[in-house]
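Participant: Chains as they are written, first to last, in the UniProt record's numbering: chain F, 1 to 307; chain R, 1 to 307; chain W, 1 to 307; chain E, 1 to 307.
Mixed in with the good hints, there may be bad ones.
If you want a taste of the chain E side facing chain F, the calculated C-beta under 8 Å gives, among others [as the list claims (entries may be wrong)]:
(1) Thr62
(2) Ser118
(3) Asn119
(4) Thr122
(5) Pro127
(6) Ala128
(7) Asn172
(8) Arg178
(9) Gly193
(10) Gly209
(11) Met212
(12) Ala219
(13) Arg231
(14) Tyr236
In short, the hints are calculated from the structure, not lab data. Note that CB positions come from ideal geometry on N, CA and C, so glycine has one too.
4 protein chains.
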Amino acid sequence: MIYTFLGPEGTFTEAALLKVPGSRDAVRIPSSSVNEALDRVRRGEADAAMVPIENSVEGGVTATLDAISTGPELRIVREELVPITFVLVARPGTSLAEVKRVFTHGHAWAQCRAWAASNIPTAEYVPASSTAAGAIALLEDGSLPGDAAICGPIVADEHPELNVLAADIGDNPGAVTRFILVSRPAGLPPRTGADKTTVAVPLPEDHPGALMEILWQFASRGVNLSRIESRPTGEYLGHYFFSIDAEGHARDARVADALAGLHRISPGTRFLGSYSRADAVEPTVGPINADEAFDASRAWVSGILGD
Amino acid sequence: MIYTFLGPEGTFTEAALLKVPGSRDAVRIPSSSVNEALDRVRRGEADAAMVPIENSVEGGVTATLDAISTGPELRIVREELVPITFVLVARPGTSLAEVKRVFTHGHAWAQCRAWAASNIPTAEYVPASSTAAGAIALLEDGSLPGDAAICGPIVADEHPELNVLAADIGDNPGAVTRFILVSRPAGLPPRTGADKTTVAVPLPEDHPGALMEILWQFASRGVNLSRIESRPTGEYLGHYFFSIDAEGHARDARVADALAGLHRISPGTRFLGSYSRADAVEPTVGPINADEAFDASRAWVSGILGD
Amino acid sequence: MIYTFLGPEGTFTEAALLKVPGSRDAVRIPSSSVNEALDRVRRGEADAAMVPIENSVEGGVTATLDAISTGPELRIVREELVPITFVLVARPGTSLAEVKRVFTHGHAWAQCRAWAASNIPTAEYVPASSTAAGAIALLEDGSLPGDAAICGPIVADEHPELNVLAADIGDNPGAVTRFILVSRPAGLPPRTGADKTTVAVPLPEDHPGALMEILWQFASRGVNLSRIESRPTGEYLGHYFFSIDAEGHARDARVADALAGLHRISPGTRFLGSYSRADAVEPTVGPINADEAFDASRAWVSGILGD
Amino acid sequence: MIYTFLGPEGTFTEAALLKVPGSRDAVRIPSSSVNEALDRVRRGEADAAMVPIENSVEGGVTATLDAISTGPELRIVREELVPITFVLVARPGTSLAEVKRVFTHGHAWAQCRAWAASNIPTAEYVPASSTAAGAIALLEDGSLPGDAAICGPIVADEHPELNVLAADIGDNPGAVTRFILVSRPAGLPPRTGADKTTVAVPLPEDHPGALMEILWQFASRGVNLSRIESRPTGEYLGHYFFSIDAEGHARDARVADALAGLHRISPGTRFLGSYSRADAVEPTVGPINADEAFDASRAWVSGILGD
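Please work from the sequences and hints to get the whole structure.
Facilitator: What follows is the structure in structure tokens.
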């Protein structure tokens, strides 16, 4: 197996990838962007890509939502949840009081803003392309005394030459990021009973009820949504598609029926995968939404039609 | 073919039956009640029964709605619309000004009430078991001077010994009654493109949204309803089933899909037939509700499931 | 107080009227039809009319539903529930085995049909204008041996010269009829916490969602419906109004808000009264549908508008 | 008037601010982040802040959506639309073929990705805190030959010492960004007939219908939505609020009624302003959603209640 992931090494994305059984012994190629990671999969240079899709603080990762919803089809085959914690690191010789500049990714900075305002109020934020890149830059020529970086603990572990000035500096202690493993379309992962299905649904028309009709396809079959995000199609302001995670597997009759309904009212609907939930929570399914109810209703109609 | 109909001879129901091709040369047995007519079909003593189901003034014929929705299954295979006009008849020697009592069926009396109030204000209403029975009773012993009857023109035509004192006395000139031809379950009548489907749907639960969920099964597939009536199940006040006529044929994908949805949320749903509309009006079906859209959505889901 | 009721004396309607406090000492005028009773109220000849509106076996009383929904406005101010039981009576000298003809109202005959089929299978049904009228006719000249009548126990009690051949002959032991007391519009009866509100709502347009929009006005405010019936407007087949009983009082904010919504989408909506429930059952109202939630939301909007 | 805006000078945000009448002669303070800009308004250091809220390619500006929806209340009083075009600049002496590094903001890089892949495929992206900052850095010590920046034309205009190597390099020619002018709560801007209302609505509960109930508050009053975005509350994955732009003004009865409904089902709903639309498009309002219909329905209910 060849994996790629949103790099560089030492990011939370690599941590997510390492939770996949067998990944430690597989080839793991860092990619410099979500698009690059997914394109590697599309071109067959990698079998699967691990990329972030959602953060409990920052929300959806728009680069991922957009990239999986356009271009050649891909499939989500797995999800991983990684708790997000941050550390402030610097080279030996720089104390917390001496920090003048903080290199990190914008999302990380956003999640440590309150801590920084209280503890290093005069420090200047310098954007880096990733948390790991910001930290590794401290070790390069050109780094100045007073430079520090916010990164994940994994980077500090791998680089003992960096001092941890402060740990657990994220403003939301329960912050978690959700990652998805994406491959080319192939057979569906097996139904486990605690599954999730992801779709991208273009809003068919701009009228007051269009989004309701989409949502009703789920609600009328008792299918809960665990995530819904609007994304611009890029064509014009107000033209959207919706990226939706629903409870259940395409092999659940209620989900398959909802998918058929979605495709009917919005034929550009894209199926992005059914896969087991990282939290293993099984949904409650009432009797009218159970497979048996769907099977019975179809058999009843077939009887009427004389099929 | 052996037909039965809600008799006696001379009623609008017989007029409806005579509109069925071939019925004039077939055996036609009058029944004394809707239940008797339907039971003759159930027992195989008749091939089909013509009974009234709906009147544009009086509403649903509850005896029919209830009788076809319970007991051994029956199927509506045809509908007929008959304009309802009334005449006032009496034996020779009784003028309009002399009318003291009016024999007729309660529904007919209700539909001529305004005319009667203006033209024979002092006349007393005497209920009869049918309009024809009321008229024929005038010819029997015991009939008194001043007795009259309200009936359909067909009865007057067949009984020239009755004088027509006034014609077209119905309060609603456009009044029409709809009749259905009912047989034992067999193959569905062919889809004509201008069809109607009738179902009886028990309200699954008494919560604010239960009826909406039923209606949504139709609305979400663009299926118009041409009639909806609540009927008590007889168990307790507030426990209903709904008798519904929907546009379209069970062989229309949108109708079949709606039927499946109904059965799922209310498993006691009873299919009462798909048959061509008497008015031959074809519904407007948008592209998302066309057979092609349903076929395409199912093919798409099958592709996802690898079926 | 002057009351009128659907007569004659001895019917279940009079029994319902006698349950109204003070009615035993008031003037009670029988009317020969629902329309006559209501017109007496409209003309000021009576202060209130008691008429049947719904039967647990036969369904809505269409004459009442139609009469209160058209013409000069009236208001329902009270409801009564009366258990319906039937007896078979005859003049002394006629035994059960000798019964040849049964005089009664069509609704009563419908509710005793199974008993009659088992116990007096050869007896002929003769329609009467009311159950009481059928029984009283037995005492008149022209009554023949073998004549019997189905009526309420109250008639037998008042006419000891009639023999009760069989009691409790109704096919549904729990049958109950609901009656309403109707007056000219005046102040609303007080809110008791266990109330009912009745409206007549013309279906604004014949499209798949019109009825849903009406129902949603109730459902979206947590207002349960205890009765819904479609009635033809009489103009043409398929043109309806809906007669609806909803839980709650017009002074409940959720009901007042629903009424405003109904009037907006169907300006012909007619308010027919708020009155206490005969069964005194109080509805469960969630916090988002309580008066406090409506008051708070209006205050919030007023604050925004700077009113 | 003192304005602040998401700086530095030369960004599209300043271009948006300069479209506000009178702003050219007012004090204009750049802020280094959306939060800083809004906090200046909250503290009274500025009267209003111009910040981006939505981009036709990149979607919602999450920093803005989150910052206006939490903390002390603010109000949107105006919107501006600015077409987004990009230029590639460098110091004299660097030609297009020689570009090795491109400094710019991540959003700008994302919008020029296809152009860059075709025209400067080997160039490395270096994140900058804004497009203007990336361009100005070229003029500082430490800039190397081969360095370039992607920025808006306004920056190139103000810095003639930078060469424009390529213009109109955005991948979406019609790209536009929407900016909002935010102030402390005060009286509402007047209703113009072509208005927009923005709200933040916490999802009250995680059940299949919760979002539908929110949307229905708009749809049932004929209020179109022009933008809807889910944002995490930050508490846990799957806990959202919805940021919504609806057509119309809080002084439109249909909008006020929808706001009341929203507040009732989600009391944490925050009103973020009603303001005239930059595109001046007036919505189509059917008769049942016009102010007159709301006024009439309330008057009708008041009449019933005897108020």
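Participant: Please verify that hint: E:Asn119, Cβ, nearest Cβ of chain F, below 8 Å or not.
Facilitator: 17 Å, violated
Participant: Take the shortest C-beta to C-beta distance between E:Arg178 and chain F; is it under 8 Å?
Facilitator: Hint holds; E:Arg178 Cβ to chain F Cβ min 6 Å, cut 8 Å.
Participant: At a threshold of 8 Å, is the proposed contact between E:Thr122 and chain F supported by beta-carbon distances?
Facilitator: This interface hint is violated because 13 Å lies over the 8 Å limit.
Participant: Hold the hint about E:Asn172 up to the distance rule: shortest CB distance to chain F must be less than 8 Å.
Facilitator: The hint holds - E:Asn172 has a Cβ within 8 Å of chain F, the shortest such distance being about 6 Å.
Participant: Go through the hint on E:Arg231 and say holds or violated, using the shortest Cβ distance to chain F against 8 Å.
Facilitator: Since the shortest Cβ distance to chain F is 5 Å, the answer is holds.
Participant: Once the shortest beta carbon distance from E:Ala219 to chain F is found, is it less than 8 Å?
Facilitator: 4 Å, holds
Participant: Holds or violated: the hint that E:Ala128 contacts chain F, with Cβ atoms closer than 8 Å.
Facilitator: 7 Å, holds
Participant: Does E:Ser118 pass the interface hint, meaning its C-beta sits closer than 8 Å to a C-beta of chain F?
Facilitator: 15 Å, violated
Participant: Quick check on the hint: E:Gly193 CB to chain F CB, less than 8 Å?
Facilitator: Not OK, violated: E:Gly193 not within 8 Å of chain F, min 19 Å.
Participant: Given E:Tyr236 as an interface hint, is the shortest Cβ-Cβ distance to chain F below 8 Å?
Facilitator: The hint holds - E:Tyr236 has a Cβ within 8 Å of chain F, the shortest such distance being about 6 Å.
Participant: Let's test the interface hint: is any C-beta of chain F closer than 8 Å to that of E:Pro127?
Facilitator: 4 Å, holds
Participant: Would you settle whether the hint for E:Met212 is holds or violated, based on the nearest Cβ-Cβ distance to chain F being less than 8 Å?
Facilitator: Hint on E:Met212: holds, closest Cβ of chain F at ~5 Å, below 8 Å.
Hints 2, 3, 4 and 9 from the list above are not met by this structure, while the remaining hints are.
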